[in-house]
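Using the sequences and the hints, build the whole thing.
Heads up: the sequence lines are chains A and B, in that order.
So for the first sequence, the numbering used here puts the first residue at 1313; every next one is plus one.
So for the second sequence, the numbering used here puts the first residue at 69; every next one is plus one.
Rather than coming from a laboratory, the hints here were simulated on the basis of the structure.
Please note that a few of the clues may not be correct.
[Said to hold, decoys possible] The list that follows gives simulated cross-link-like pairs (lysine to aspartate or glutamate, EDC-like), each with its CA atoms no further than 16 Å apart:
id, chain 1, residue 1, chain 2, residue 2
1, A, K1424, A, E1489
2, B, K205, A, E1489
3, B, K153, B, E98
4, B, K153, B, D115
5, B, K202, A, E1489
[Claimed, not checked] Here are some chain B residues the structure puts well away from chain A; computed CB gaps all over 12 Å:
id, residue
6, S112
7, Q117
8, A181
9, K225
10, L271
11, H298
What you are looking at is a predicted structure, and each value in this text was computed from that prediction instead of being measured.
Here a beta-carbon is modelled for each residue, glycine too, at the ideal position from N, C-alpha and C.
Each chain is listed here by its residues.
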Amino acid sequence: MSRNRSHADWAMIFHQSFAATARRPGRSAATAVGIALGIAVFLVTVGWSQTVGSQINQTFDELAATKIVVNDTQGDIAGDQVFPTNTSQIVAQIPGVVAGGRLWGGGTSAIKTSAVAPEVDLPVTFVDPDTLQAAGATIASGRTFTNAESDQPVALLGKNAALALGITTLRPDLTVEITNQHTRALIIGILESAGSLSQLDHALIVAPNAPVALGTIASSPLPSDTSVIVRTELGVAVQVAKKLPMALLPNDPERLGVLLPPEPVALRGNVQNSLDTLAFGAASLSLLIGGIGIMYSMLNAVSQRSGEIGLRRSIGAARRHIVVQFLIEGALLGVIGAIIGVIAGELSLLLLAAVNSWNPVLDRRYLGFAPIVGLLIGVLAALYPALRAASINPAETLRS
Amino acid sequence: MEELHVTPALSASAQAPARPQPLLSLTGVEKIFGAKEPFVRALSSVDLQVPAGSSLSIMGRSGSGKSTLLNILGLLDAPTGGSYKINGVETTQLKSSHLDQLRAETFGFVFQAFHLVPYLTVQESVEMGVTYHKQPKHERRDKAAELLEKVGMEHRKDALISTLSGGEKQRTAIARALVRNPVVLLADEPTGNLDESTASDVLDIFDSIVNDGVSLIMVTHDPQTALRTHEQIVIRDGMVSA
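Right, dumping it as structure tokens:
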């Protein structure tokens, strides 16, 4: 008996696999739908994450890029020696500054209003009029004080301070009395939000030069923990931050500390990482489910095509040929499913973004990799069915 | 991997009636199904010699073991006892890969249920017979065309299998079985799903194939069909009784 080598015609095997996929579109579509859904969900999830992340970045960037806080790092001299009365005007002359002003605390005092009897302990905070603008504060009722009123006994209430005092509506003659100081101020407004200075929500906010008019709480020098709050236009905070010390304290600029809030940057990164992890987790799970869907569909196909498998064995197919045949079909279904999934995912993402009036963001590399991912999942999902097919006893399948 | 190759002496055109060694030889073949009791004994002590170029019918009732015998002859199943030689080579000792190749080179199969692949055309179905034995495309096409003409299916070569009648399917299956020039054609109830006229046409094709030198072993339960072959045997309870 002589021996030689016979060769399978792989072009024919591929052609037959292609025919098995292309000429039974209904069955192929039903099998590929798992991958299609998986890829679509993957792209929508990742794209949504990137779109949301982009929005968060924009928000954080705005905060990070526009808020500057200046402090006296040594604290051994009075605040008004470091930050003079005309601080707002000095700061406003720096190009790119929207507004800026001083802020210092006056301690906690017992406060009562002219409207209700109970006293409430509230922090008293002094701010320049421009400080509120720099913080992005908004008024719920009344108005904020002007530069012309800086030396008047006028004050604002933070929204929580107003609630604590039982004030729901602003009357024109509403005054507050700092009882232990025997001083009184006219309330001209209640804040809706204190913007970036959230501590003001709980405070009695007094005009900067009012201490003189307020009598005994009038204090000079200012406390050493006085700070300056500056808001800039987008994209110029770093440049403004560099100029602030020299503008505010030209004789000793080094003693001033300038803070560009680092927290939002770190928080942005953390939030983005969390979103990415969530997105990839959900997306991977959807791909896994898609792969399992293909596997079960192909197991069903193996059962239905057992006669064909037996026939192939009868005409000389080795087990490896059967395995490869089903792997090719799995790969084709995976690629087809991925292409359908890319189209569906992209359209879904566009729709979702349009509904929310956001700009859709999706790394284009995902679109390019999708067919490769589909192919790999298709092959992996087909592996077990292929091995099952190869183990079929041809005699049993051909008997029927 | 080394693979078996059927010797030229086994080719259809070279077979000689006077050759002393039978083409197929079964001695004391047994087939028992089941890994543990109760076992099912499908074949018992089957002795059978099939000369090259002959035609043989295997008859018997349903469940008598005739299809099991055909599967063992075609190397689709292995006996659990006894000896099975093809042209003197003991097949029960061969590895699976060698059996795959020996099966493909020696046998063509025709089934009652046709076992055609529904998503292929007639032409592709015939060419499928050489999927695992690569041939130049033009040779494959010429051979398929020749066989389709022989079985009267050349006019339907581009039709999908799912559109064919039963007779057309069986003609296509016969062409596919012959595309690799098998030494032996094994047919399991080949006319079982066909009407009388169509069955007669198929048997005429078998006669032509045997006249070309191909051995034919056919399982049938129809005595008239069995009489179309040179020899007939009957299986009863897994044993050759006539």
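- Message: Hints numbered earlier in the text: which of these fail when held up against the supplied structure?
- Response: Of the numbered hints given earlier, those the structure breaks are 2, 5, 8, listed in rising order.
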